[in-house]
Each structure stands twice: as structure tokens, then as C-alpha cells.
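Listed below, chain by chain, are the residues.
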Amino acid sequence: MTQPFEKVVAEHGPTVLRVCRAVLGPVHAEDAWSETFLAALRAYPDLPAGSNVEAWLVTIAHRKAIDVVRARTRHAVPTDVVPERPSRNHIPGGWERDLWDALRELPDKQRHAVAYHHLAGLPHAQVAEIIGGTTEAARKAASDGIARLRRTYLEGDPR
Amino acid sequence: MTTRDLFATLPVHEGAALDRLHARLEEVAEQENLLDVAYRTVDSPLGTLLLAATGRGLVRVAYASEDFDLVLDRLAAQVSPRVLHAPRQLDVAAREFEEYFDRRRRAFDLPLDLQLSAGFRRTVLEHLTEISYGTTASYGQVAASAGSPRAVRAVGTACAKNPLPVVVPCHRVVHSDGSPGGYLGGLEAKRLLLRLEAAA
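If you're matching them up, the sequences are chains D and F in order.
With my numbering, the residue at position 40 of the first sequence is 40, and numbering never jumps.
With my numbering, the residue at position 131 of the second sequence is 1131, and numbering never jumps.
No lab work stands behind these hints: they were computed from the structure.
Relax, there's no trap hidden among the hints.
These stretches of chain D come out as covered by chain F in the derived footprint (C-beta under 8 Å, 3 or more residues): (1) 13 to 23; (2) 31 to 38; (3) 141 to 150.
Glycine residues also receive a C-beta, built at the ideal position from the N, C-alpha and C atoms.
With the rest of the complex left out, here is chain D:
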């Protein structure tokens, strides 16, 4: 039996928001979340019973994130100013300041694999279905991404 959509929002809304934040950063995450849940609401009556709802939502979020990035690059203004990176102990702005700076520097595939596997908790095979390529490639992208984040975010204060 299909449960009320409200339960889907309550159960998966927080995780999808974290995933959107990790993939897109603080500014565009909420737009991607809104687009994701609106598209999900539209398609929900046709979702086959017994589907993995979280994987379904992350798949939609992935497509919406790509749309948001495309729209953003169309309007992007080139800049040669490198954003400063304050210490992460320096709380104003919270995670947005430096975790996102570190995530942003990852290749897209690694950032997606890290978010979908480590934040949404999807198995590598499921991640591979979403981002394309083999399960092994998704596993490698996630572990390379994590290794790089450890270097740049946890250890690599450049100052």
C-alpha cells in the first residue's frame, strides 16, 4: 500500500536536504530540494509498490542538481578571486564556509558518490545506477572523494 506523501517528506526530507547541501552547497540546495519533492509528488502515484523510496528521491535530486548547475553555469560570472577559507573552528556560517569549499573542489563524480553513499546511505551499486558507470567505479569515486576531503578539509588548513 502506498503511504501518504507526507510521510515520505517527514522520513526522507532531512536526508535529501543534506544530500542537496553536499552536492550543491548552501545557496542552491533548497531550490534543488523543492524541485525534487515537487517532481516526486507529481510522480508518486505511479511509483511501484515496494520501491526503495530513498534511492528514488536521490535519483530525482541528482537530476535536479544537474539542472541547477547547468542553469548556474549559464549565468556564471568568471572570477579570478579565490575565496578565502577561514578555519573551521571559526563558526560563523557553520559548515558552509569550509566543508562546502572542500566538497566543491571535488570532481563532480566524487562529490556525488560521496553524498549518495555516505550521506544518503545508498549502496555503491545503487549509486552507480544514479551517476552512471560500474559499481566498482562508484566505490572508487566515493573512497577517493573521502580521502581527498580528509586531506583538504580535515588536515589541509593551507595557512
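With chain D's structure known, arrange chain F on it following the hints.
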């Protein structure tokens, strides 16, 4: 350092952001005609009530004793799974309930969606709205007005399964000897509603 620590600064549950996003979803869903069932709860002297509406009108009023989760599951199955908590869609209904319980309102002025009742049960519900505020009718009288004088028990069943209690006033149907009879919200609720209307 575990992976968990890596994302420690990324909030796990952001109430304010999620509330804002939910409100936006309600609004856009309504604009896009995707809000098949909106619901909210209201406080009342009978405890918390759940109100649900479709685009056609109020479709369900439920007592807490019916288990709101179960009521919502059934709405998802019987009406549409596109069910959202969207309080603002039910502001007018909530206000009318408040006025009713304050004795400032004698009749509900809300569009009703009777799709959860069919056949004779629906005919009965349509006749229940003819029983005026502060008065009662017997099961037999309702059966007669619905065109089936012998269907007294069926009237009882229709009242017991009324999807819109309080608004469709099945609480005004009593035994011919004046005793209150049963009530889907419990006998205490029925007595309270009859007292409330008698005192007005």
C-alpha cells in the same frame, strides 16, 4: 577520524529550513494542482480532530480515537497518495469548527466531498444535514426521510461510518425513546455535542 566526523558540521536535522521548505511545497503543490488531499488538526472540546480536504471540499473529519495515521493511510488508499499536511488549505474549516464549538456557529458553510460514502449510506448523509442545530431525529425518522423506512439498522451503520462527523450531524440521530444511541466518536462526545447545541 571517521566519515561521520567529516560531515559533523553538516546539520542532520534543520527544523527551520525544513519547515520553510515544507510550506513552499504546500504552496507550489496547490498551484500545480498536485495537492489531492490536504490535512491539518484542530483542537476541540472533543480532543484533537483531523480535518482533510480535496479540491472539491472537506472529505474527512476524524476523532483521535480513530488513529490519525490509520485515517491518513486510508485516505492515501481511497482518495490519492498525494496527501500533504497543509494547514493553510483548511484555515476556513478550522475557523468554522472553532466558531461551532464556541456556540457562535449553528451550521457549517463548507463545500463537502462525499466521495468516501456511496449508495444508501450517502443518501443517509445527505438527509442528516436536514436535521437542524439543537434538534434530534430518530434512526427511524431518518430512514423514512431517506426513502427506506425499514432500513433503520442501515441508518445506524451509515452514522457509524460517517466520514464527516460534526459537520454532517450524525450526533443528532438518537433512539426513538430519546436515549442517545451509539456514536463513532464515543458516547461521551455525542452527549457533549448534544449538550453544546441545547445550551446555545
